[in-house]
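Knowing the structure of chain E, use the given hints to seat chain A on it.
Chain order of the listed sequences is E and A.
The opening position of the first sequence corresponds to residue 6 in our numbering, with each subsequent residue numbered one higher.
The opening position of the second sequence corresponds to residue 71 in our numbering, with each subsequent residue numbered one higher.
Source of the hints: derived by calculation from the structure; they are not laboratory data.
All C-beta atoms in this analysis are idealised placements derived from N, C-alpha and C, irrespective of residue type, glycine included.
None of the hints are false.
Not everything, but these chain A residues come out facing chain E in the computed CB check (under 10 Å):
1. 121
2. 141
3. 144
4. 145
5. 152
6. 153
7. 155
8. 159
9. 162
10. 169
11. 173
12. 177
13. 178
14. 223
15. 224
Sample of chain E residues lacking proximity to chain A, with all beta carbon distances greater than 10 Å (derived):
16. 129
17. 138
18. 155
19. 157
20. 184
21. 186
22. 296
So the chains spell out like this:
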Amino acid sequence: MDMKARTLRRHMKESLRNLARNGWMTFASISAVTVTLLLVGVFFVIMMNLNKVATDIEEDVSIRVHIDIAATKEDQDTLKSNIEKISEVDSVVYSPKEDELNNLISSLGEEGEAFKLFEQDNPLYDVFIVKTKQPEHLESVAKKIENLDFAFKVRYGQDDVEKLFSFIKTSRNVGLVLIVGLLFTAMFLISNTIKITIVARRKEIEIMKLVGATNSFIRWPFFMEGLMLGILGSVIPISFISMIYRYSYEYISSKLQGHFIQLLEFNPFMFQVGGLLVLLGAFIGIWGSVMSVRKFLKV
Amino acid sequence: MIEMEDVYKKYPNGVVAVSGLSVRINQGEFVYIVGPSGAGKSTFIKMMYREEKPSKGTIMINGVNLGKLKESKIPHFRRQLGVVFQDFKLLPKLTVYENVAFALEVIEEQPKYIKKRVMETLELVNLKHKARMLPTELSGGEQQRVSIARSIVNSPKVVIADEPTGNLDPETSWEIMKIFEEINTRGTTILMATHNKEIVNTIRHRVIAIENGQIIRDEQRGDYGYES
Chain E
6 MDMKARTLRR
16 HMKESLRNLA
26 RNGWMTFASI
36 SAVTVTLLLV
46 GVFFVIMMNL
56 NKVATDIEED
66 VSIRVHIDIA
76 ATKEDQDTLK
86 SNIEKISEVD
96 SVVYSPKEDE
106 LNNLISSLGE
116 EGEAFKLFEQ
126 DNPLYDVFIV
136 KTKQPEHLES
146 VAKKIENLDF
156 AFKVRYGQDD
166 VEKLFSFIKT
176 SRNVGLVLIV
186 GLLFTAMFLI
196 SNTIKITIVA
206 RRKEIEIMKL
216 VGATNSFIRW
226 PFFMEGLMLG
236 ILGSVIPISF
246 ISMIYRYSYE
256 YISSKLQGHF
266 IQLLEFNPFM
276 FQVGGLLVLL
286 GAFIGIWGSV
296 MSVRKFLKV
Chain A
71 MIEMEDVYKK
81 YPNGVVAVSG
91 LSVRINQGEF
101 VYIVGPSGAG
111 KSTFIKMMYR
121 EEKPSKGTIM
131 INGVNLGKLK
141 ESKIPHFRRQ
151 LGVVFQDFKL
161 LPKLTVYENV
171 AFALEVIEEQ
181 PKYIKKRVME
191 TLELVNLKHK
201 ARMLPTELSG
211 GEQQRVSIAR
221 SIVNSPKVVI
231 ADEPTGNLDP
241 ETSWEIMKIF
251 EEINTRGTTI
261 LMATHNKEIV
271 NTIRHRVIAI
281 ENGQIIRDEQ
291 RGDYGYES
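Chain A extracted, bound-state conformation:
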């Protein structure tokens, strides 16, 4: 469960990105975060995986108070979430398999477990047959699926996705959404920041709209609410 209470974020340069944000997201929910560029979506998301620290207020994720989380505990906290980006962030010199396994290797999992778990995950995103290929040999959609596989290989309770379809054509975007849906039905909370009106309006989920650092709308099965 994610709980934010009266969260403020002021950057050192004086910009107030988030001001007085409170929200509660239950385990297993699928939530779209929408709003114009510069509205505070990115800061909102960055605070979720403790890339940014709130200046004021509390953020609780699965019982962890992020404002009070020690620097040294951040790595262990992050192992409970998966993060997906618009630009995939894959390592070009590693194969598909190695890219996904990387996430488990650097947290020192057993080699046997890594092998089994990576293959399972690649199967889930339909890329088992391309395990030995390099990211550069894949299409954009496939690359994003590798990145999703990497984010969920550690069986996180929450997956945070920042514009995961931002670089993809419409058709590929649907494929990606199908995978997120699948992950969500297995009980994982999905938080997805997006500008994709069509997706939000078609696959209906809770919509949180952020403007000027505040939540201006929070609807179950809401719609995108912006033109394009």
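Chain E extracted, bound-state conformation:
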């Protein structure tokens, strides 16, 4: 649509004037959008990070192959090369039972001290730690290894990851329902605000129609009004969320130092979240105005 700059300026001025004139409704609508976007934003940030964590964990998941105690050094080598022959396997690392015990002791901290007694007579197994090229290959690779000679026990942590993913899925669905409800509330409030300005400007609209203003000319200021309400409503959530995220990111990152789990980095993640919230705000605003304008501007 081609619109002259002058006309655009006029529409802008008109919408700003309407917003100022209905101060309280404007405030209510912007607040509704703010609350909605704040919740959407926080929720989104948490969800995306949980997803990231789950993916990190999933990528780190490996298959632990306990080697039969009866296996000789040659048997172990055969087993290793047989595992490496499976096409989905990425790497196979040997971890002797002494290392396994040390890992166990250090992972248990204070209580691990008790296990030191076992250093004389280690009950653990030598282990092959197998990584697959894709996390989804875990199960099939594990099954294949189970059938190999001297593979005493094959275990992998897929169950934990599955649980985490199903938790994410459930909370995502619950959150979505909540957010959709909030979105509608915000739209409803915006559409009411605009309805009021339309009613207040009935006479003006009537005259505009009489002298031959096109419908789109009449509608534009209302669209802009909705758009402004939506975008203004996204300012606080964006600043608030990015501020909080910056601090939390720094805090949590330092705790996670050296760990394979990482949060999403501030840049670009916060810009994506900001973009999403502005777009969502604009969408709520325009949709709210479309709803009321359509009903009220019928010829």
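The following block gives chain A in isolation, referenced to the frame of chain E:
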């Protein structure tokens, strides 16, 4: 030119406001529409500026078939006419100048042209000196002149006036008529619905009388024909 042929208008509530109306009005004519309240005058006028759509029959105005006019084309059609009402329909927060300029602004005319054209028009209705006043600071007659200025600022071929003197005292009404006469002599068709017997009988023009949704009389230089 305005041509109506066998026009019917039935409202959704079942009321038949106009039934079988045919009329032809040439460019530059001055026509009074008279008749008792509820006779169909308002519907007749509303159909002229396509506020109402005929249920049956054809209305042609300057080559535009109103029955077939698309919704999206209505604004452009209306730019060829001016409409004046009994209650002026001015915007109270805008000055006289702004009220008249409004009609050109919303159809996106050039600012320079708007300024020139509005001043010319205000001069025609003798209100140039009150351009900066608000409608509330004007008398009824002056307000109606602003409303007339707004209706003609776009140089329409037809001006439709629905009881333009209905809210005015007799003396002011004559002033308004003088302006309509002036506009008419410049070649603009004037269609005026009125209950003002004195005006119709003094400034003689074609009179179309409507009763029960039909034209019962159509006379050149006719008289009002009703008591009061």
